[in-house]
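Chemist: Read off the chains here:
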Amino acid sequence: MSGTFLGMPSFPKNAEKALQDSQLRYNLRKATHTIRAKRATVVEELPDWLELRAAGKAIKDETLRHLDRYLLQVEEAVTKAGGHVHWASDADEANEIVTGLVRATGQTEVVKVKSMVTQEIGLNEALAKEGITAYETDLAELIVQLGDDWPSHILVPAIHRNRSEIREIFLEHMAEWGRPAPDDLGDDPRMLADAARLHLRERFLSTKVGISGANFVIAETGTLVVLESEGNGRMCLTLPETLISVVGIEKLLPTWRDLEVFLQLLPRSSTGERMNPYTSMWTGATEGQDFHLVLLDNGRTKVLADEIGRQALRCIRCSACLNVCPVYERVGGHAYGSVYPGPIGAILTPQLRGMESPLDASLPYASSLCGACYDVCPVAIDIPEVLVHLRSKAPHGPAERLGLKAAGWVLDKPVRLERAQRLATRFRGLVPKRRLPGPGAAWTDTRDVPPVPEESFRDWWDRTEGGSR
Amino acid sequence: MRVALFVTCVNDTLFPGTGKAVVTLLRRLGCEVEFPAGQTCCGQMHVNTGYRDEGVRLARQFLEVFSGYDAVVVPSGSCAAMVREQYPKLAAGMGATRAGAFASAHGGHSPFAEAVAEVTPKVYDLSEFLVDVLGTTDVGAYFPHRVTYHPTCHSLRGLRVGDRPTRLLQNVRGLELTPLPGADECCGFGGTFAVKNAAVSAAMCADKVGNIVATGAEVLCAADNSCLMHIGGTLSRLRTGVRVMHLAEILASTEAER
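Chains as they are written, first to last, in the numbering used here: chain A, 430 to 898; chain B, -5 to 252.
If you are wondering where the hints come from, they were derived from the structure by calculation, not from laboratory data. Cβ atoms here follow ideal geometry from the backbone N, Cα and C, with glycine treated the same way. Wrong hints could be hidden among the right ones.
Computed, partial: chain B to chain A, Cβ under 8 Å [claimed, not checked]:
id : residue
1  : 10
2  : 51
3  : 87
4  : 147
5  : 152
6  : 190
7  : 194
8  : 227
Derived DMTMM-like pairs (lysine to aspartate or glutamate); straight-line CA-CA distance at most 20 Å [claimed, not checked]:
id : chain 1 : residue 1 : chain 2 : residue 2
9  : B       : 83        : A       : 735
10 : B       : 190       : A       : 829
11 : A       : 558       : A       : 578
With these hints in hand, go ahead and build the complete structure from the sequences.
Modeler: Structure below.
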């Protein structure tokens, strides 16, 4: 994955900082609770939601099991339809291919459809190094780009911003990128959208190269599918003379019929709508447009080799797990140090990137394992299961290791537990209520310690013969 | 029916009153309760913190100790969910190892998987045992207080105990049950999460406590003392005056006792 976030401190440190931002907490709480409620309403109204979810899971599993075959099928179908297929094993390769393709057109500007995978590989930065400017055209991505900021949510990248902050960003930075915002810009959502619309319209009409990702690729026909809400995607996909789509290899669906399931699962889980406003589909090159498909691995086959971790590849990037996550709700997306934040990020990032850095090693622990994410996942990714699996592979600090090994030793034999309990009850008066030493301070900073009882349960049972004496 | 109590290591060591309440309650309902002395811990803390081998060792011990009972009653949704939901996953995960692959290739499951299949279906959270096995929602309890109930995550989304605990509470004489806003949201305990991500854990608990205090309840009830230790520790630090009580302790209370 991109080096963008490398060198960030561990999740708990980032979280602690984020928690101090009361504006952020207010924005996030409001936004996540709103989308959460919308999703719940449109999911509850479908009597066959659980069947759809099971079908979504099964289709993705089938695809992943025979990915080798389906990928070749895509290559053949796209090529037959006049498109060009490129294979990229990592971010650098993908960036090189895309940069080369843009350069071959002689253009220095591209318009972009909102795409997670191009952020994963740091495409905009790679293009910039070659003198090519990438313009984000999704409203939220535009806000992020103008504000020289990082996205903090998969679906709503600017979720951490409220409308008055957006107004300021537009007034201050729109002119640097093209048509300026009107001087009398207010923070009314309609006014903000109008300013963005006029700003973007010029870009759509003048730019000759479009770059997109895809929500799905149908293997049998080679058709790419993009779901969106604003229509900016449709502009980028149809107006430019050259279209380059970068797609992770896990985005495939075997047949056209399979799409039916996902066109129901995705909008309801994602924006909480019954149907998204725009669905664009195209197969190969169209008249007046060159088409290039870049199929990206970037760690995915490594994830596929992990029997428990591979279910993360079923993800359709709906972000329902982010919106219900009590941790995400309080700290936001930046703390996760990856374009994939929230519960799905906590299992995807350490698998794609490895767990060498302190940040990546801390991500599997960025969850209380409450299970709300698994409940809402439209493709039934058991996120808590993968988190626990990754924790068993993550590096552990020496103090923690010693503590848990010691606890394990005590719990291995009832007699050892009994002795430890007697020791604790004998010195119960010495246990402070409000300030524990060492790592215990993390508990007593905000919580009192319960009093140690005079007698453990097992000693009571022995003494009273199960309470009968 | 041979009923065993798995009291859990946390209750055994820190909250023996909960274990005693389960014994009192089950005897009152006509059950003989055994306390197998070989028990210690289900292994949840180790497995969920990333110490799988230690966790599996404790799981083996659990399965050995509780084999042969008709029912194992657990006054903790989280520990019951560990056994019922996570043990099968641990067993399946072993299939991925060479030894497991060898065992399954030679026609059969590992002894661990067999023990999991035998023991785990008989493991019940207290409310499940009362409602599903004993078939009662009125346990003859008396508790004249205003109570709010927090359905802990692993009871709610792991075991799916649903409204069993609140049905039991509704039939307690004198008890006024007041609904908790945002009840299904995690309190922020999460085992070692509470210290590894202490700041987030505290922020989650602050919102939970706000909701609890807003109900005007005297008592916060839950079926898991680890969550109650976390929420109760915060309620106590903030001097809210709200007490925490395990479901078993409320259900064990009677007029005679008072």
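Chemist: Answer holds if the nearest beta-carbon of chain A is closer than 8 Å to that of residue 194 of chain B; otherwise answer violated.
Modeler: holds, 5 Å
Chemist: Below or equal to 20 Å on CA atoms is what counts here, so check residue 190 of chain B against residue 829 of chain A.
Modeler: Within the cut-off at roughly 10 Å; holds.
Chemist: Hey, does the residue 147 of chain B contact hint survive, CB to chain A under 8 Å?
Modeler: holds, 4 Å
Chemist: For the hint on residue 190 of chain B, just tell me whether its beta-carbon gets within less than 8 Å of chain A.
Modeler: With a minimum Cβ separation of about 5 Å from chain A (threshold 8 Å), the hint on residue 190 of chain B holds.
Chemist: Given the hint that residue 558 of chain A pairs with residue 578 of chain A, test it: the Cα-Cα distance must not exceed 20 Å.
Modeler: holds, 18 Å
Chemist: Take a quick look at whether residue 83 of chain B and residue 735 of chain A sit within 20 Å of each other, Cα to Cα.
Modeler: holds, 15 Å
Chemist: Under the criterion of a CB-CB separation shorter than 8 Å, is residue 227 of chain B in contact with chain A as hinted?
Modeler: holds, 3 Å
Chemist: Let me know if the C-beta of residue 51 of chain B comes in closer than 8 Å to any C-beta of chain A, holds or violated.
Modeler: holds, 6 Å
Chemist: Let me know if the C-beta of residue 10 of chain B comes in closer than 8 Å to any C-beta of chain A, holds or violated.
Modeler: At 4 Å from the nearest chain A Cβ, residue 10 of chain B passes the 8 Å test, so the hint holds.
Chemist: Holds or violated: the hint that residue 152 of chain B contacts chain A, with Cβ atoms closer than 8 Å.
Modeler: holds, 6 Å
Chemist: The hint names residue 87 of chain B as touching chain A; please verify it with the least Cβ-Cβ distance against 8 Å.
Modeler: At 7 Å from the nearest chain A Cβ, residue 87 of chain B passes the 8 Å test, so the hint holds.
This entry satisfies every hint, going by the numbered hints stated previously.
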